[in-house]
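Q: For reference, the chains in residue letters:
Protein chains: 2
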Amino acid sequence: MRDALDGMTRFDDFQNSLGIAPNMLTRRLNTLVEAGLLERRRYCEHPPRDEYVPTARGRDLRPVLVLLLAWGNKHFAPEGPSVILVNRKTGAAIDPILADAYTGRPLDEPDYAFAAGPAAGSRTRSDIGPPLERPWRGNRERRPPANRDPQTRSK
Amino acid sequence: MRDALDGMTRFDDFQNSLGIAPNMLTRRLNTLVEAGLLERRRYCEHPPRDEYVPTARGRDLRPVLVLLLAWGNKHFAPEGPSVILVNRKTGAAIDPILADAYTGRPLDEPDYAFAAGPAAGSRTRSDIGPPLERPWRGNRERRPPANRDPQTRSK
Chain Y
30 MRDALDGMTR FDDFQNSLGI APNMLTRRLN TLVEAGLLER RRYCEHPPRD
80 EYVPTARGRD LRPVLVLLLA WGNKHFAPEG PSVILVNRKT GAAIDPILAD
130 AYTGRPLDEP DYAFAAGPAA GSRTRSDIGP PLERPWRGNR ERRPPANRDP
180 QTRSK
Chain W
30 MRDALDGMTR FDDFQNSLGI APNMLTRRLN TLVEAGLLER RRYCEHPPRD
80 EYVPTARGRD LRPVLVLLLA WGNKHFAPEG PSVILVNRKT GAAIDPILAD
130 AYTGRPLDEP DYAFAAGPAA GSRTRSDIGP PLERPWRGNR ERRPPANRDP
180 QTRSK
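In order, the protein sequence lines correspond to chains Y and W.
For what it's worth, this note's numbering labels the leading residue of the first sequence as 30, then goes sequentially.
For what it's worth, this note's numbering labels the leading residue of the second sequence as 30, then goes sequentially.
Since the hints were made in silico from the structure, they are not lab data.
You can't tell identical chains apart in this list, so a pair holds if it fits in one copy or across any two.
In silico DMTMM-like links for lysine to aspartate or glutamate, alpha-carbon gap of 20 Å or less:
| id | residue 1 | residue 2 |
| --- | --- | --- |
| 1 | K118 | E138 |
| 2 | K118 | D35 |
| 3 | K103 | D89 |
| 4 | K118 | D140 |
| 5 | K118 | D137 |
| 6 | K103 | E63 |
| 7 | K103 | D124 |
| 8 | K103 | E68 |
| 9 | K103 | E138 |
| 10 | K103 | D137 |
Nothing here was measured: the structure is a model prediction, and the numbers come from that model.
Only chain Y is shown next, with the shape it has when bound in the complex:
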């Protein structure tokens, strides 16, 4: 998937990059197509050849993989990272962190919390009723209960 998000689309290229058996690669590509992360496109009729292009769902996974890579580099690469993230123009190493799209400000750990969303079921509501001073603006109708009394918790 990382190769696909870096612009790779063809079977032979994936195989060269990953160095895995063709049947294994076919299985992986099929799984990613079925999951809606890649789209199969016929680019040649004779002989029949398909290429694999990331869908919107697949493209949006890239930031997740980027953070996962940074996490792995920090905690699982005592000899130094084998893949890093760089600025494409300057070549400078990038250290990816979270920011809020609305404010543009970096997100520090204490700033944010998980909270029940509009489609939360009763279990989610009682379990992660958020420690908020004001409720989420888009969630006025169905705000989670303010108290977290274990008696009312669903089993």
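Please arrange chain W on chain Y, whose structure you already have, making use of the hints.
A: Okay, now just chain W, sitting in the frame of chain Y:
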């Protein structure tokens, strides 16, 4: 793991939150301890009781889970998200994106690329030799080859 990162530490609390069988929860907690994401701490001797606290490695996984949550909300929740991210003080919804820790600027897709790091093997070097105009500053000694001649690609 999300519960643990939200401050939960005790077996009974995890079980209430997740609603899974005790032996299943024991197995999951053991897996997370073995993976170095949680640390087991004895908090009561009689009867013997352990609590589970995220390690540094586990805490650093939180941003990854946050982005994964946002990705799932966008692509797998047609009826609206059941868990969202909010500012702990204001209750405002947060839309998490990537930024660069060094510059504080949001990372747009075209800005960055994967590149071979200091510990990259020859396969990684030949496969993701980066399209850089200047090499990564910390990588001068072992910069990846500038050309990507398929003849020299390791098999």
